[in-house]
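Start counting the sequence shown at 1; every next residue gets the next number (our numbering).
Careful: at least some of the hints might be erroneous.
[To be verified] With a Cα cut of at most 30 Å, we get these calculated DSS-like pairs of lysine-lysine: (1) Lys134 x Lys2; (2) Lys134 x Lys119; (3) Lys50 x Lys2; (4) Lys118 x Lys64; (5) Lys2 x Lys32; (6) Lys121 x Lys64; (7) Lys76 x Lys2; (8) Lys64 x Lys32.
Rather than coming from a laboratory, the hints here were simulated on the basis of the structure. As the structure is a prediction and not an experimental result, all values here were calculated from the model.
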Amino acid sequence: MKIPPGHIIRFPREGGPPGDYGSIAFSNRQWKMFNKVEEEARSKLEATMKAWCRFGPLDMPTTKFRFEGRSRKNGKSIRIDAFKAWQVRFYGMTIELDGKQVFLVSEVDLAKKQDDAKKTKLDNAYEVASGLLKEALK
């Protein structure tokens, strides 16, 4: 597998090596959205993402990292998780690359109004993740 074109590793260090567990990759559009997040929420997201890169998701509370669902797209099972800080969500899927995990951000919700994921955002997260997986497998 490989990181799909258009996605760049941003955590644990931009363009740098993975953490002990893995890395997080964003598209340029998603990275711009990340930088538009209110400072306090962005700091919390950054800390959570860096912790995920170092330790993985096992002991993370669901208030910071949450399983959102699983769906089959193009014959592949896709699991969507979300990094969370208040009402901001960064949805994505995880692939393995050189023995490390890479979380590929597939959708962003900067103004979530309820606890559960918006169906349209989650559906789009699956659709984009399916395309990312197809590119990663090339």
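Tested hints:
no., hint, in the structure
1, Lys134 x Lys2, "holds, 10 Å"
2, Lys134 x Lys119, "holds, 23 Å"
3, Lys50 x Lys2, "holds, 21 Å"
4, Lys118 x Lys64, "holds, 17 Å"
5, Lys2 x Lys32, "holds, 23 Å"
6, Lys121 x Lys64, "holds, 18 Å"
7, Lys76 x Lys2, "holds, 17 Å"
8, Lys64 x Lys32, "holds, 21 Å"
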